[in-house]
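Protein chains: 2
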Amino acid sequence: MSVFTPVTAREVELWLQDYSVGTLVELQGIAGGVENTNYFVTTTLGRYVLTLFERLERADLPFYLHLMAHLARHGIPCPAPIANRDNEYLGTLKDKPAVLVTRLPGISVETPDAARCAATGAMLAHLHLAGRSYGRPLANPRGPRWWRDTAARVAPFLEADDAALLREELRFQSLYRLPDAPRGVVHGDLFRDNVLFEDGRIGGVIDFYFAGHDVLLFDVAVTVNDWCIEADGRLDEARALALLRAYHAVRPLTALERGAWPVMLRAAALRFWLSRLEDFHLPRAGEMVLVKDPRHFRDMLRLRSAATRLPWPG
Amino acid sequence: MSVFTPVTAREVELWLQDYSVGTLVELQGIAGGVENTNYFVTTTLGRYVLTLFERLERADLPFYLHLMAHLARHGIPCPAPIANRDNEYLGTLKDKPAVLVTRLPGISVETPDAARCAATGAMLAHLHLAGRSYGRPLANPRGPRWWRDTAARVAPFLEADDAALLREELRFQSLYRLPDAPRGVVHGDLFRDNVLFEDGRIGGVIDFYFAGHDVLLFDVAVTVNDWCIEADGRLDEARALALLRAYHAVRPLTALERGAWPVMLRAAALRFWLSRLEDFHLPRAGEMVLVKDPRHFRDMLRLRSAATRLPWPG
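Here the protein sequences line up with chains A and B, keeping their order.
No gaps in the numbering here: position 75 of the first sequence is 75 in my numbering, and each next residue is one more.
No gaps in the numbering here: position 160 of the second sequence is 160 in my numbering, and each next residue is one more.
None of these hints come from the bench; they were simulated from the model.
Glycine included, each C-beta is placed from N, C-alpha and C at the ideal position.
Some clues are possibly wrong.
Listed next, with one range per pair, are the computed distances between beta-carbon atoms [claimed, not checked]: (1) A:SER108 to B:ARG58: 39 to 47 Å; (2) B:GLY259 to A:ASN87: 25 to 33 Å; (3) B:ARG58 to A:LEU310: 47 to 55 Å; (4) B:ARG58 to A:ALA59: 33 to 41 Å; (5) A:GLU57 to B:LEU175: 52 to 60 Å; (6) B:ARG148 to A:PRO182: 54 to 62 Å; (7) A:THR5 to B:SER174: 56 to 64 Å.
Pulled out of the complex, with its shape left as it was, chain A reads as follows (with noise of 0.2 Å):
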C-alpha cells in the first residue's frame, strides 16, 4: 500500500516553492499501488499526483519521466512530468527521489465490455507508434533474463508439477526470441487498473514503471490476458476480437505477429506468474503488499499452453 514515506502539507508547500504550479490547496494520501507512496496534490493553478520513490534506482528514472513526457507530448493520455525551476522533472522530497506528474480524470474499470477493450487496444497501439520516435533505451526489466533469474529463485519453494510447468515453459520460451518482431517501447503493465475511463472513453493510461523496451505484441498479450477474459482466465473472444482488431486498425499486426501470438500469450502470463511467486515467496522486508494469487496465472499459462484457437483479427 502506497503511503511508505509520509509527507506533511507544510513540506510539500515548501518543495512546491521550486515548481510554477501555484501553491498547495489540498494533499491527499492515495491508496492502491504497490511500489510507490502517490499523494493527489492540488494547487491554485492545478491538479497533480506526487510520487516518492520506493523501489526504483534513481538512476533509471529519467527513462520513465522523459517516457511519460513524451508519449504526453504525442497526445498519449498518460502523466506528464513537471518540471521544476532548474528544468528538472526529478527532484528529491523527504530523501526520496521524487516527481510532480499530471493528475488524469476517470477511474478504472474492473469489467470492461467490448468498446472499452477496443479502445484500450486502440490507445495501446498509438503508445506502441509514437514511442518508436523515444530515442532512451531500457530493456524491458521483466523481461526474458528477469523470468530465468527469478524462476531460479521460486523454484525451491514450488510443487513438484509447478515447477515442472514452469521449467518446461521456460525451455518452451527460449525457442522464440523472434529478432524480427516488430520492438519498441512497451508499457509493460497495461492491466485494467492502469487506465482510466471517463463518460466511455480514456481519461488517462497510468503506472509506467515497468515500461521498457521489448516486443510490441508481448504487451498486447499483457492486456489482453487481463482485459479479455472469464474468471478462470480463459479468454473471451468477443473482447479479444475487439481489443486486436482496434489495435490492428492503428497499427497493423503481421503475419509474424499472427504466428507469434500463442508463444506471447504464454509469455505473458508467465512473467505475471513469476512476479506473483516472487511476491508471494520471498516479499521484500516491511511491504505491506496485497500479496494476490499466483495461481490465477498458473492457470491462465496452462489454459494458453493447451488452447487450439485464439483470437486474432482478420
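Please build the complex by placing chain B on the supplied structure of chain A, with the hints as guidance.
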C-alpha cells in the same frame, strides 16, 4: 473571425493519421480570434485545438510552440502542442503551417472580481519564473522598434492632438530603456479573453502568439490595464492591488520596478493604442477583423500619464 481556411472532417481525419491522438470524433470551427484559423478537434483520445497559421512566419513558429511546451511542462495551464509521428510539433494542412494543441477547460470572464485578478497575477508570476529556463530567443515583436515603425505609418491619419500625444509618448518612453529591470519571456497579450476560469480557478492561459522577450513588468502592466479598470479606463485600486500583491507573493517586485511602474503602464497603453490604430487605419487585405475603437487606449494613455497615484503592493 477565425475560420479563414476551412478544412473538412475528412481532411482532418487524414491529417490525424500522422498523430497518436486516436481518430476524429468531432470537428468544430471556433469563432473568435483574429489571427489564425482555429477548430476544436475531439478525438477518441482527447480534446484538442487545431490552428492553421494565417499571419505568422513559419520560421517564427517554433519559438511559440516550444514556449508553450516549456511552460506546460512546468505546470502552467497553457495549450501544449502535440508532436506528430515524426516527433515534430509543426505540420502542414491546406498549405498552411498547422499545429494541434491540447484544449483547456474553462471560459473567460468579462468582469473579473479581485479574486480572479489575484489568481491571474499569481499565474503570470509563475509564467515569468517558469520562462526563465526557456532558451530560445525572440524579442517582443510589439516592442519599442515596432512602436516607432507603426507610429510612423499611422501618423498621417491622426488628428493633430493625437499625433502630438503619440509623438510625446514615444519621446517619453525613449528616455526609459530600463536595462536593469528583470526581463524574460512575456505573454504580451494577457487580456481577459486569454484566461479561462473553471469553478473560480484558472483552467487555461491561451494565445501565446504575441509572446517574446521583454521587461517582465511590461507584461504586468498590459494585464493590469485590461483586468483592473473601470469602463473609462481608470484603474480600479482594489483589483489592481489584488493582482499586484498576488504577483509579488510569487515573484517579488523590486524597487527598480516600483520606480518604473508608471512608465510601464503608459508603455502598455501605448502598445495597444498603436495596434488598434494600425487595425483601424491600415487593415490587412481580406481580413475580417472586428475593428475595435482605438480611443480606448488613447484615453487610457492620457489617464495613466496624468495619474498622480498608482496602486503598488507593499
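Okay, the hints, checked on the actual structure:
1. In this structure, A:SER108 and B:ARG58 meet the distance hint of 39 to 47 Å, their C-beta atoms being roughly 43 Å apart.
2. The hinted range of 25 to 33 Å is satisfied by B:GLY259 and A:ASN87, whose Cβ atoms lie roughly 31 Å apart.
3. Judged by the Cβ atoms, the range 47 to 55 Å given for B:ARG58 and A:LEU310 holds: they are separated by roughly 50 Å.
4. With their beta carbons about 40 Å apart, B:ARG58 and A:ALA59 fall inside the hinted range of 33 to 41 Å.
5. One distance hint, 52 to 60 Å for the beta-carbon pair A:GLU57 and B:LEU175, holds here, with the actual separation near 58 Å.
6. Between B:ARG148 and A:PRO182 the C-beta distance comes to about 58 Å, which sits within the given range of 54 to 62 Å.
7. A hinted range of 56 to 64 Å for the beta carbons of A:THR5 and B:SER174 is consistent with their spacing of about 57 Å.
Hint violations for this structure: none, all hints satisfied.
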